[in-house]
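K.L.:
First to last, the sequence lines map onto chains A and B. Take the position in the first sequence, starting the count at 1, then add 6; the result is the number in my numbering. Take the position in the second sequence, starting the count at 1, then add 311; the result is the number in my numbering.
Simulated from the structure, these hints should not be mistaken for lab results. From the three backbone atoms N, C-alpha and C, an ideal C-beta is built for every residue, glycine too. Don't take every hint at face value.
Just the calculated beta-carbon pair ranges, DEER-fashion [what the hints assert, rightly or not]: (1) B:Gly540 with A:Glu59: 54 to 64 Å; (2) B:Ala413 with A:Arg42: 24 to 34 Å; (3) A:Arg42 with B:Val542: 27 to 37 Å; (4) B:Gly496 with A:Gly14: 25 to 35 Å; (5) B:Arg340 with A:Gly21: 45 to 55 Å.
Heads up, incomplete: computed chain B residues facing chain A, CB under 8 Å, no partners named [what the hints assert, rightly or not]: (6) Ala451; (7) Val453; (8) Pro455; (9) Leu458; (10) Leu462; (11) Ser463; (12) Val466; (13) Arg469; (14) Ala494; (15) Leu497.
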Amino acid sequence: MNAVQAYGVPRHRDGARLRVEANGTTILETPGDAPRVALNPTALALWELCDGETTVQEMVAAAADLFAAADDRLHEDIQRVLAELTEAGLLEWTPTSGAAPQVLPAPRPEERA
Amino acid sequence: MTSLPLRTLPETGRPATSGTTVVLADPARLFRSSLGLALGAAGPFRALEAEDVEGALAQVRMSGAQVVLAHQDLPGGGLSQLCAGLDSLSPSPRVLALAEYADHAGLLSALELGAQGYLSKECRLDEFVDAVRQLERGEAVVPPAMLGGLLSDLVLRRRQVGEDRDRLGTLSRQERRVLEFLARGLNQEGIARELVISPQTARTHIQNVIAKLGVHSRIEAVAVAFEHGLVEAS
Numbered sequence: 007m008n009a010v011q012a013y014g015v016p017r018h019r020d021g022a023r024l025r026v027e028a029n030g031t032t033i034l035e036t037p038g039d040a041p042r043v044a045l046n047p048t049a050l051a052l053w054e055l056c057d058g059e060t061t062v063q064e065m066v067a068a069a070a071d072l073f074a075a076a077d078d079r080l081h082e083d084i085q086r087v088l089a090e091l092t093e094a095g096l097l098e099w100t101p102t103s104g105a106a107p108q109v110l111p112a113p114r115p116e117e118r119a
Numbered sequence: 312m313t314s315l316p317l318r319t320l321p322e323t324g325r326p327a328t329s330g331t332t333v334v335l336a337d338p339a340r341l342f343r344s345s346l347g348l349a350l351g352a353a354g355p356f357r358a359l360e361a362e363d364v365e366g367a368l369a370q371v372r373m374s375g376a377q378v379v380l381a382h383q384d385l386p387g388g389g390l391s392q393l394c395a396g397l398d399s400l401s402p403s404p405r406v407l408a409l410a411e412y413a414d415h416a417g418l419l420s421a422l423e424l425g426a427q428g429y430l431s432k433e434c435r436l437d438e439f440v441d442a443v444r445q446l447e448r449g450e451a452v453v454p455p456a457m458l459g460g461l462l463s464d465l466v467l468r469r470r471q472v473g474e475d476r477d478r479l480g481t482l483s484r485q486e487r488r489v490l491e492f493l494a495r496g497l498n499q500e501g502i503a504r505e506l507v508i509s510p511q512t513a514r515t516h517i518q519n520v521i522a523k524l525g526v527h528s529r530i531e532a533v534a535v536a537f538e539h540g541l542v543e544a545s
């Protein structure tokens with residue numbers, strides 16, 4: 007089971023900020039030296055769904071109303087986006103049992119591509 | 312960042328051809344002509360024009376157009392009437408709804424009526440041409456800036472449907488029968504006669520149904536019944 011599947015509900019990590027650069031690119035960043043992340047429209051839409059209430063399953067179901075591909079493909083794509091956001095230190099996850107939110111450690115610099 | 316592929320619509324049975332016929336349905340002649348010129352310059356598109364719903368349907372029937380670009384408030388019944396008319400055609404063309412200004416409610420309405428795409432007249436000509444190409448490939452068209460709001464709305468709607476379904480499950484057998492009779496148009500006295508109970512008891516059942524479904528009126532309760540297939544619309 008990967009890190010994303012181990013946790014229930016994603017939400018924005020405190021301090022995450024969204025801004026649009028002059029060239030129209032949407033950028034997510036957090037204070038400190040964590041890498042900035044550029045979001046395409048789909049990734050931005052998923053980020054906006056990370057409100058601490060919406061589960062990955064709900065995101066997949068909503069996306070299935072709009073997007074092609076089988077649900078398992080959508081699930082895989084959405085999980086990949088959320089995993090990238092988590093690895094960048096932008097998301098934290100609340101287990102569905104209701105326990106306190108846990109923040110996944112950011113990857114060490116040498117682990118980043 | 313991963314980019315999710317947009318929806319591919321079911322195969323229409325029509326093989327891809329070297330030219331795509333697009334019906335431009337808008338009451339403004341200059342606007343139609345401008346779009347037609349832009350499409351012609353952009354590729355092997357054939358543009359036909361219509362100023363109202365009847366004209367658009369006639370053009371589609373005559374030409375077998377693959378794409379229809381239609382103003383949301385097209386004279387002659389708007390998008391609702393147009394999509395209803397196109398539904399009867401096989402294969403039916405893909406519809407791109409055009410609004411004067413981008414609007415979330417308008418986007419939802421267009422998608423619910425059966426359009427596969429939505430754009431506002433604030434878009435650039437190249438965005439319009441790209442949208443037509445996306446539709447022709449079977450993809451949905453949603454302005455990127457509106458995608459987040461649309462997905463959020465879809466999540467909320469699915470939750471509401473789930474909650475309604477849960478509430479229907481709390482109705483007793485008698486209450487479900489009362490709801491069915493309400494959906495068939497019976498009033499309190501009629502329901503009492505059907506169930507062989509007093510009108511006062513029938514009224515109590517009706518009130519319980521309304522309370523359990525979390526709605527505010529008999530009409531809303533009936534709407535829930537229809538939405539969840541408890542009763543089929545005649």
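K.L.:
All hints are to be evaluated individually against the structure, with a verdict given for each.
P.N.:
These are the hints, each one checked on the structure:
1. B:Gly540 with A:Glu59: 54 to 64 Å: violated (28 Å)
2. B:Ala413 with A:Arg42: 24 to 34 Å: Because 28 Å falls inside the window, the suggested range holds.
3. A:Arg42 with B:Val542: 27 to 37 Å: violated (54 Å)
4. B:Gly496 with A:Gly14: 25 to 35 Å: violated (45 Å)
5. B:Arg340 with A:Gly21: 45 to 55 Å: holds (54 Å)
6. Ala451: holds (6 Å)
7. Val453: holds (7 Å)
8. Pro455: holds (3 Å)
9. Leu458: This interface hint holds because 4 Å falls under the 8 Å limit.
10. Leu462: Leu462 (chain B) check passes; min Cβ-Cβ to chain A is 5 Å, inside 8 Å.
11. Ser463: holds (6 Å)
12. Val466: Status holds, d = 5 Å.
13. Arg469: At 6 Å from the nearest chain A Cβ, Arg469 (chain B) passes the 8 Å test, so the hint holds.
14. Ala494: violated (27 Å)
15. Leu497: violated (35 Å)
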